[in-house]
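Number of protein chains: 2
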Amino acid sequence: MTQLDYAKQNKITRLMRKIAQEESIDVKLLIDSIAKGQSVILKNNVYNLAKPCGVGKVLHTKINANIGSSIDKSSIAFELKKLKTAVSYGADTVMDLTITEKAINTLKNIRCKCPVPLGTVPVYQAAVEAAKKKGSFLKMDKDLILDVLIQQAELGVDFFTIHAGVTKESLSKLKQSKRLMDIVSRGGAILANWIYANKKENPFYEYFDDILKIARKYDITLSLGDGLRPGSIFDATDTGQIAELRILGMLAKKAFNNGVQVIIEGPGHVPINQVVKNIKLQKKICNGAPFYVLGPLVTDVAAGYDHISGAIGGCLAASAGADFLCYVTPSEHLRHPSIDDVKEGVIASKIAAHAADLAKNPGNSDGWDRKVSIARRNKDWKTQIELSINPEKATRYRKSSTPKNKKVCTMCSDFCSIRLMDKAKKLCLRD
Amino acid sequence: MTQLDYAKQNKITRLMRKIAQEESIDVKLLIDSIAKGQSVILKNNVYNLAKPCGVGKVLHTKINANIGSSIDKSSIAFELKKLKTAVSYGADTVMDLTITEKAINTLKNIRCKCPVPLGTVPVYQAAVEAAKKKGSFLKMDKDLILDVLIQQAELGVDFFTIHAGVTKESLSKLKQSKRLMDIVSRGGAILANWIYANKKENPFYEYFDDILKIARKYDITLSLGDGLRPGSIFDATDTGQIAELRILGMLAKKAFNNGVQVIIEGPGHVPINQVVKNIKLQKKICNGAPFYVLGPLVTDVAAGYDHISGAIGGCLAASAGADFLCYVTPSEHLRHPSIDDVKEGVIASKIAAHAADLAKNPGNSDGWDRKVSIARRNKDWKTQIELSINPEKATRYRKSSTPKNKKVCTMCSDFCSIRLMDKAKKLCLRD
Chain A
269 MTQLDYAKQN KITRLMRKIA QEESIDVKLL IDSIAKGQSV ILKNNVYNLA KPCGVGKVLH
329 TKINANIGSS IDKSSIAFEL KKLKTAVSYG ADTVMDLTIT EKAINTLKNI RCKCPVPLGT
389 VPVYQAAVEA AKKKGSFLKM DKDLILDVLI QQAELGVDFF TIHAGVTKES LSKLKQSKRL
449 MDIVSRGGAI LANWIYANKK ENPFYEYFDD ILKIARKYDI TLSLGDGLRP GSIFDATDTG
509 QIAELRILGM LAKKAFNNGV QVIIEGPGHV PINQVVKNIK LQKKICNGAP FYVLGPLVTD
569 VAAGYDHISG AIGGCLAASA GADFLCYVTP SEHLRHPSID DVKEGVIASK IAAHAADLAK
629 NPGNSDGWDR KVSIARRNKD WKTQIELSIN PEKATRYRKS STPKNKKVCT MCSDFCSIRL
689 MDKAKKLCLR D
Chain B
269 MTQLDYAKQN KITRLMRKIA QEESIDVKLL IDSIAKGQSV ILKNNVYNLA KPCGVGKVLH
329 TKINANIGSS IDKSSIAFEL KKLKTAVSYG ADTVMDLTIT EKAINTLKNI RCKCPVPLGT
389 VPVYQAAVEA AKKKGSFLKM DKDLILDVLI QQAELGVDFF TIHAGVTKES LSKLKQSKRL
449 MDIVSRGGAI LANWIYANKK ENPFYEYFDD ILKIARKYDI TLSLGDGLRP GSIFDATDTG
509 QIAELRILGM LAKKAFNNGV QVIIEGPGHV PINQVVKNIK LQKKICNGAP FYVLGPLVTD
569 VAAGYDHISG AIGGCLAASA GADFLCYVTP SEHLRHPSID DVKEGVIASK IAAHAADLAK
629 NPGNSDGWDR KVSIARRNKD WKTQIELSIN PEKATRYRKS STPKNKKVCT MCSDFCSIRL
689 MDKAKKLCLR D
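As they're listed, the protein sequences go chains A and B.
Heads up: take any position in the first sequence, counting from 1, add 268, and you land on my numbering.
Heads up: take any position in the second sequence, counting from 1, add 268, and you land on my numbering.
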């Protein structure tokens, strides 16, 4: 039985209680939301996960950090460092996107050290194994794909990105869109090539029922990938993107009816005036299933600073109902991320998610801001720094620039407004 | 005659033509907007400014960088470096917020080196001069204030922040608000103290007509300061803030009727679900006058990363109609900004303004994104890097992580989606 099965039968599980408690919400809100397919709990049922987490309507916005090796940058030790960094700065989940021959070995190592839900994109391992065994990723087949899924399920992966929406139909709609950037999803591009080369339907779509069986057995959440997401603002919300979203909506319903937890992946590059529209469209087409967005990036020009572009889009998206933000690092469009890129990406995404929660207001969202502001009002620098989103940076900043009067900072010195207002209060009292 | 006077008489000036050309808009759009008080041109008429700029409804969103010394950090050479940095990364205007005895000397130096419109907050110089000459900033008076205004006007300052909305009335409304953070504006706190200590009305309000005369003579734009802006998300859009905004609306009308260009300053700390509401309220109360916002910051917890929090709020604000974004640096709430803080602040604000312009779409806003995306699609790394928002950082990133195949990057290596889709196109053509 999956968490969704239990929720449909109105049976509260220990896991639901744990999640509800952590979120400071009533467990009944949570079970209702899961039963409707509007929330999920990310936890493989064969693995003893330290920190499972919930994603969905009544819950705090979660953030994911992508790590993993590429052919050019392949070191398990380095990826483990990135994992540690991501989790320490507040990533709620991690995805291992390794796309090398060492994929399964990297995944094993990451799983052992990863306390939070772990996601993968199984087509990557399938593609590299097909290339190794048969000479080309174009030769991957149903058996290989299902083997990879089971192998990863047994290791304890909590959620799979499944690019089942890149189909003959959605690809033909994509052609009508006359895109500037074509397909920019790695998984999407792999499957488009596979479909064209083999003149067959996408195996993740064709054998979706088999995938559901595996997901159901392990209670793995399916994250239906958006292989046709826009890769430039000019391609946002186009015919290709929407055609795929409709397929994802249909597959999400099928998963839900089969007791499989499901979330939907979304764009990508989206101008700020289309962000809210994208969220509303997904919620409508996918019957309120949790929405997991990558960014969105609100401009194409910010390479080196795409964590900021992504935080802008992500905060607005989450405040309008997106449930899960995939971080974007400063290295996006430029290189494989460094440790520092991971850190900056997680922090930017965390700011976006938290600021959105102040608007959505699940349980006790503003407690953190209240404590910070009270410390600021009281000129209590120790608490302000301890509670800031990255105390190491705040400490470094404060130490680098010391005021004569230790109660203020070097920005305003004695003209600190908080200090002046303490004086004003005394003037008022004298009245 | 001010630019507003000319616009009211439907006389197109050389300056209007220059601005319209730079903005790629019809000059008739601009003159209409100025005549309605919905746009302004920042340029003092006694100074030969290299790059005047327009701010308002039909124009691109502009960004301002604050520089200036404090008692703890007082070096003219350092401020000139910050000026150079701010302008080189794209600040459209600069404000000198120096609040030391060297204020006028610092301003002279900055004016000489500043090619873009320069703003000040004259109450700072007035406060420090009163403190020096009479022992306390509480002793500044009408004559001193008007002297400072004329002195700065003669130097060629293009816009003045005037905190005329902090009045006995708005302060009494503020008390009803029972704020968490009270007044957090330096100018607001100085004037609140002055009002309480002297038991008199705010001289910037009391002698607003005299200020208008000076502004009119030099065609200095008045930026009506929000001394009561919220300093925590809990204080956003409260009675105190709105009471001040109503006064600013009334003063803006008075300025407009007197041929003085005017813009309105706005918050501050605002939760994301109140940002659009704040913009609409200002536009309504102030008859569509340009809105100049500080951030807004969408959470109180991001000290060290407030440039990101500010970019989120700023982008949403500008896309909803704010016209002018004051940058926030990573040092906000922590220290006087470093050169690097200025750089990061300008870049974050520039991303926010540009992304908002993609939504507002004044003349040719998306050309930059189009060029970047075409270069990306063509795997033309040289152009991608040259056009990125900070080519130095993009170059550094690219050089630090070299792929074997020079056409891709180390993130995806041979599984680069753009490379794969080039292959897919060949497969399609074979059909």
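Do not rely on the hints blindly, as some may be mistaken.
What the hints assert, rightly or not - Subject to a maximum C-alpha distance of 25 angstroms in a straight line, what follows is the list of computed DMTMM-like cross-link-like pairs (lysine to aspartate or glutamate):
1. B:K691 / A:E369
2. B:K467 / A:D648
3. B:K672 / A:D682
4. A:K693 / B:D682
5. B:K672 / B:E654
6. A:K647 / B:D682
7. B:K694 / A:D648
8. B:K376 / A:D682
9. A:K468 / B:D682
10. A:K443 / B:E469
11. B:K661 / A:D340
12. B:K370 / A:D682
13. B:K341 / A:D648
14. A:K674 / B:D608
15. A:K467 / A:D477
16. B:K436 / A:D690
17. A:K694 / B:D648
18. A:K410 / B:D648
19. A:K693 / B:D506
20. A:K691 / B:E469
21. B:K468 / A:E369
22. B:K672 / A:E654
23. A:K407 / B:D682
24. A:K436 / B:D690
25. A:K400 / B:D682
26. B:K443 / A:E369
27. A:K467 / A:E422
28. B:K691 / A:D682
29. A:K446 / B:D608
30. B:K667 / A:D340
31. A:K693 / B:D690
32. A:K341 / B:D682
As the list claims (entries may be wrong) - Derived coverage of chain B by chain A (criterion: at least 3 residues anywhere in the stretch with Cβ under 8 angstroms from a Cβ of chain A; other residues may be distant):
33. 277 to 283
34. 633 to 645
Stated by the list, open to error - The following label-pair restraints were derived from C-beta to C-beta distances:
35. B:K401 / A:K693: 21 to 31 angstroms
36. A:M518 / B:K675: 54 to 64 angstroms
37. B:K675 / A:K352: 53 to 63 angstroms
38. A:S668 / B:I418: 33 to 43 angstroms
Derived by calculation from the structure, the hints in this document are not laboratory data.
Ideal Cβ positions, reconstructed from N, Cα and C, are used throughout, including at glycine.
Quick rundown of the hints versus the structure:
no., hint, verdict
1, B:K691 / A:E369, "22 angstroms, holds"
2, B:K467 / A:D648, "31 angstroms, violated"
3, B:K672 / A:D682, "56 angstroms, violated"
4, A:K693 / B:D682, "66 angstroms, violated"
5, B:K672 / B:E654, "22 angstroms, holds"
6, A:K647 / B:D682, "54 angstroms, violated"
7, B:K694 / A:D648, "64 angstroms, violated"
8, B:K376 / A:D682, "24 angstroms, holds"
9, A:K468 / B:D682, "24 angstroms, holds"
10, A:K443 / B:E469, "68 angstroms, violated"
11, B:K661 / A:D340, "21 angstroms, holds"
12, B:K370 / A:D682, "16 angstroms, holds"
13, B:K341 / A:D648, "22 angstroms, holds"
14, A:K674 / B:D608, "24 angstroms, holds"
15, A:K467 / A:D477, "21 angstroms, holds"
16, B:K436 / A:D690, "18 angstroms, holds"
17, A:K694 / B:D648, "64 angstroms, violated"
18, A:K410 / B:D648, "37 angstroms, violated"
19, A:K693 / B:D506, "20 angstroms, holds"
20, A:K691 / B:E469, "18 angstroms, holds"
21, B:K468 / A:E369, "77 angstroms, violated"
22, B:K672 / A:E654, "44 angstroms, violated"
23, A:K407 / B:D682, "17 angstroms, holds"
24, A:K436 / B:D690, "18 angstroms, holds"
25, A:K400 / B:D682, "14 angstroms, holds"
26, B:K443 / A:E369, "66 angstroms, violated"
27, A:K467 / A:E422, "32 angstroms, violated"
28, B:K691 / A:D682, "65 angstroms, violated"
29, A:K446 / B:D608, "41 angstroms, violated"
30, B:K667 / A:D340, "14 angstroms, holds"
31, A:K693 / B:D690, "69 angstroms, violated"
32, A:K341 / B:D682, "12 angstroms, holds"
33, 277 to 283, "violated (count 0)"
34, 633 to 645, "holds (count 9)"
35, B:K401 / A:K693: 21 to 31 angstroms, "27 angstroms, holds"
36, A:M518 / B:K675: 54 to 64 angstroms, "37 angstroms, violated"
37, B:K675 / A:K352: 53 to 63 angstroms, "33 angstroms, violated"
38, A:S668 / B:I418: 33 to 43 angstroms, "39 angstroms, holds"
When the structure is compared with the earlier hints, violations turn up for hints 2, 3, 4, 6, 7, 10, 17, 18, 21, 22, 26, 27, 28, 29, 31, 33, 36, 37 and for no others.
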